[in-house]
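Got chain A sorted already, so can you dock chains B, C and D onto it with the hints?
4 protein chains.
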Amino acid sequence: MAAELDGQALVVAGAMSSHPDVARESAAAWYLERAYTSFEEMAKAEASAANGIDFVIIATPNHLHCPVAKAFLAAGIHVVCDKPLALTVAEGEELARRVAAGSTLFALTHNYTGYPAVRQAREMVRAGQLGELRKVLVEYSQDWLMEPRESQGDKQAAWRTDPARAGEGGCIGDIGTHAANLLEFVTCRRIEALCADLSSFVAGRRLDDDANLLLRLEGGAKGTLVCSQVACGEENRLSIRIYGTRAGLEWRQQEPNTLLYKAAGSPWSELRAGQGYLAAPARALSRLPPGHPEGYLEAFGNIYRAFIADVRRVQLGQPPLRDYPGVEDGVRGLRFVAQAVASSRAGAVWLPV
Amino acid sequence: MAAELDGQALVVAGAMSSHPDVARESAAAWYLERAYTSFEEMAKAEASAANGIDFVIIATPNHLHCPVAKAFLAAGIHVVCDKPLALTVAEGEELARRVAAGSTLFALTHNYTGYPAVRQAREMVRAGQLGELRKVLVEYSQDWLMEPRESQGDKQAAWRTDPARAGEGGCIGDIGTHAANLLEFVTCRRIEALCADLSSFVAGRRLDDDANLLLRLEGGAKGTLVCSQVACGEENRLSIRIYGTRAGLEWRQQEPNTLLYKAAGSPWSELRAGQGYLAAPARALSRLPPGHPEGYLEAFGNIYRAFIADVRRVQLGQPPLRDYPGVEDGVRGLRFVAQAVASSRAGAVWLPV
Amino acid sequence: MAAELDGQALVVAGAMSSHPDVARESAAAWYLERAYTSFEEMAKAEASAANGIDFVIIATPNHLHCPVAKAFLAAGIHVVCDKPLALTVAEGEELARRVAAGSTLFALTHNYTGYPAVRQAREMVRAGQLGELRKVLVEYSQDWLMEPRESQGDKQAAWRTDPARAGEGGCIGDIGTHAANLLEFVTCRRIEALCADLSSFVAGRRLDDDANLLLRLEGGAKGTLVCSQVACGEENRLSIRIYGTRAGLEWRQQEPNTLLYKAAGSPWSELRAGQGYLAAPARALSRLPPGHPEGYLEAFGNIYRAFIADVRRVQLGQPPLRDYPGVEDGVRGLRFVAQAVASSRAGAVWLPV
Amino acid sequence: MAAELDGQALVVAGAMSSHPDVARESAAAWYLERAYTSFEEMAKAEASAANGIDFVIIATPNHLHCPVAKAFLAAGIHVVCDKPLALTVAEGEELARRVAAGSTLFALTHNYTGYPAVRQAREMVRAGQLGELRKVLVEYSQDWLMEPRESQGDKQAAWRTDPARAGEGGCIGDIGTHAANLLEFVTCRRIEALCADLSSFVAGRRLDDDANLLLRLEGGAKGTLVCSQVACGEENRLSIRIYGTRAGLEWRQQEPNTLLYKAAGSPWSELRAGQGYLAAPARALSRLPPGHPEGYLEAFGNIYRAFIADVRRVQLGQPPLRDYPGVEDGVRGLRFVAQAVASSRAGAVWLPV
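Protein chains in written order, with this note's numbering: chain A, 3 to 355; chain B, 3 to 355; chain C, 3 to 355; chain D, 3 to 355.
Bear in mind the hints are in silico, worked out from the structure with no lab data behind them.
The C-beta atom is built at its ideal place from N, Cα and C for all residues, glycine as well.
Heads up, a few of these hints could be off.
Unchecked claim - Computed from the model, here is a short list of chain C residues facing chain B with C-beta under 8 Å:
#1 233
#2 245
#3 350
Chain A extracted, bound-state conformation (with noise of 0.2 Å):
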């Protein structure tokens, strides 16, 4: 839906299952033109095509990241992948190298940068207009595994908590990535430093499901990204808090159309999605009027539509502008996940990022 969102991209083939038959029936489902039955073959028969696909979008368990995207790397279509992009550090480092060899675009889709909120605050940020940063608190809270949905039957439980398919980091690595990328999209700032406080809550669990991190930042700002997937109660809670020596930021992904934005001896301010006194870049994620709610898809949709802007560009011999997360933030995230872990296995002590 969200790749589809503008009209400017049309999901036409798959490869949706191994057994022939899901895979007919699933194509049909979503009125694909073109089923298969594994990647490769997918690969190589778009790659030929004279009405091949321009992009693939990779959206299976984490293990299969990697190799899915060398396939289609290799064949020279460009690529759209679910975070985190790889199963270890190493093989996203080797993916990197690929990417950066080539001229094939790749996308992580960090989908949360979308939202006009977090681009705003980004450009506030970046002018400036927080001074310098102090504290950063970021969060990242659902409940929907508190149970141990794994050994009931969900397949999505089963491969998130399995070291396996989802690499090493549970929750750490589901959406604490995110919310690491979040706060290093809007403050331009890396993490530096962590001390992660790992935790399986549910009995039987493999993975973590529920971690409390200090942070460093580059430049001098601390804090903390606390991220749970036991947080009873909590459905997607994805909020950033920013405070610097002129003002604090606010932004909370349930209620994604304002940003709370307190400069000192000031009134606090609602900054609010679409309208005229945003930064232009901002204002260019919103499709409709302000009031008129857009969400999770649209923020999505805008991730989709930078790409497809740039597969456009590289079609028509353009330089790519790549204003969307990469294989680079990728590769981010994987140290920040293999670090968390390996900090919390040592009894949460700081170690770099």
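Only chains B, C and D this time, still in chain A's reference frame:
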């Protein structure tokens, strides 16, 4: 975007302008396959084409709703029409007779009824969770016409404040009807009588830009409807509150994924879109898990989804469900506007609807 | 509590009951030094005592406001009286004449005007920050009378729904007057005309328990006033919104320390009680630093503080400032109620106030 | 104001300054009957006076808490003392021994525990409504020290950033202790270990003005505590969230009359202060009907009310209930600060509390 959201429809033809060049360019910008310079031509050609359109979307200024709708109804093409249904009650009633006389489907885009929380509210009223209704407060406030935009080159403002193209209602017709429809949709009760005080605050404006109404409903409930397009600082503040003998309900369009429920003697409840505890008809309107905000487009898309499913049913010879606003709602809206205008002109006196 | 909040007054005497035993026990429970069994006796005794009270607080059912006030005015004792001022307009006007003819101070406890954010709103209107006023929406909703408590042994409910003790207004008199007063206080404009639809939803109730009004104000603004004591789930939901040509304002009593300000074309602002950027008269009403919530008692205490300062001024031979609601506000409130009741009885027609 | 709120106490004597003139003037301004120039003198004189004070309130800079408390304890006068209890753990433990050895009452003003919603939260935890606790997030953010006020003539800032008068904790001592106490109060579980990253963001500041902590609690819950006095735009943002296996809870001091409760699989609930459905200990802390906001003073007053009731009990020879924070809470607070400072100095490592 809303029509195509679920991948169930594709906009392929259009009459975007009477100027051939503009029509062609607009069609190209929208990736349309077929461009027309008149709706009559389009209706005829599409009706006789093998791959002609299944339904048409009428998104013109109000005065064209009726002639365009008639043309497509006559051609046997299903119709999705913007509100208000027509310029006058008489025009609307004629349209309603034609729809009733045929088997062509007709939907009116009272799109706000497509929100999951709105549907949930109706289900709760229907199930008796509010008891006997006593009071309803409905509001729709904007500020986009607080300056005389119609004389400053704004085309939207120009036709919406022009009686010849908008009808006799300004604000009351443009957004007051949405509020009235929402009220009747959720309460399942009709507005029986109204007392309306309409104003044109902006100098030189020919239609009302603000209205305050007292309401009486079937069954004894009373309330107010206020709407404004000069409410400085308001974007698209549509909200409804309903109080019964057992509970109160509150919904606000700008934060549409929450429904506030206040049962007598109990803590206030926030019901959230997408949750499993919602009534089935409300649950069915969410595309994403809870906490992944859906907004205006998704709600609008729900109207289209229900309509398209009906188009399929009719094509398969099955009876349609008509689970979306239709031509009768349009006639009611026109009567509401006519009586509000008449009431106000008579000095804000009570009139039946 | 409110009177004593600033340590500027001490309740030392009272006529709490006409039964000597009850009067004595009540006085003891309140740590009073002197107990009376009639207000006449109290007025006389305190007026002639060396350490007699400086002012009296009248917190009786409505029908006693006037006789008690007269007794203390006659005794030269300053008066703080609950609203409504009296049972009828005539009674209230007579009281106003007596107050005007003497030098005894008189305050009416329209306590909601004591909130810092309310005062700030008035200062902003006065300073022209809203431009020319166009629309006002004021509301006061409760649910405590949604059941027939008056026939279930609830004394408060009994007198408040009894015309002989409450006057001809039920909900409209008890809380509608607060809403009307708040509106006039903040806008600095009078309600010129009203059209009122009053209801008694609870079977057997002798006075209205719900009201919806259309309003017209001096200077051309229009709006609505809604109040209810049967709005299931509402506690004490008093709120006001004002829209002008330059900005909108919104205040909600249940979260009283924030004033929402929406200037044209700008982000929404939240002004917070206690902050240095507020107007001086608003700043002066906070006792604590920002973020330390103050509430109902503190706002009520602000009325007392201003009144007590006036008592001191008068005792020192200085002219009083009268920066609190007075007897004239009381007369206006009585007229408002009388016209609302008359309007409703005549079928909800327009009447001047 | 808080002590006198319920009319159960009157401040009659004080040692407001060591300068006789200032002491006299301050006493007059506060309407005190007796002014002293030293606390030793006051303790002695009041202890031997027939109408001597029943209890003393210690509201001095931190370094005086212990000597003043000792003087009044020695004189047999009950003590209400500001937090932190003393300058050092050793000092605090000595004080605790003296309190334990005698029969003089001792209250520590962790005033935020006096809010009805906070008490309700504790009752719900105690009753098992949250199940087994997994996660706690507590925060206390302000911005009043975001500039170097201590070098700009601000007396409050001067002593609060001076180790000799404030102790070794700055922000962590001043407000971090409130957060820690609130957490332990509501969860009924002790902080077992912490890992603290303290900062002094303002140049030249001698104590911390910001802190981020990881926490582990008795029974296995984990979480974070963040506090700041340089969080630009924040007033007094104290909040707590608790997640258990059955529900989550959330409370925010700036809107203190609402407690958010999120039970698994159910709509979110807003419990409101003053409502009949609250637990009895929470209901008892409201003075007004629901919807009449109570705030900081009222919560503080609840601590005094419970303490004064105990004073009465002791005077009547009855055992005290000690339903307010006491000297042991003070010792815990001092240990918390000491270990947070030690942890941070060692590079933010884990230490037991």
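For each hint, the structure was consulted:
no.	hint	verdict
1	233	holds (5 Å)
2	245	holds (5 Å)
3	350	holds (6 Å)
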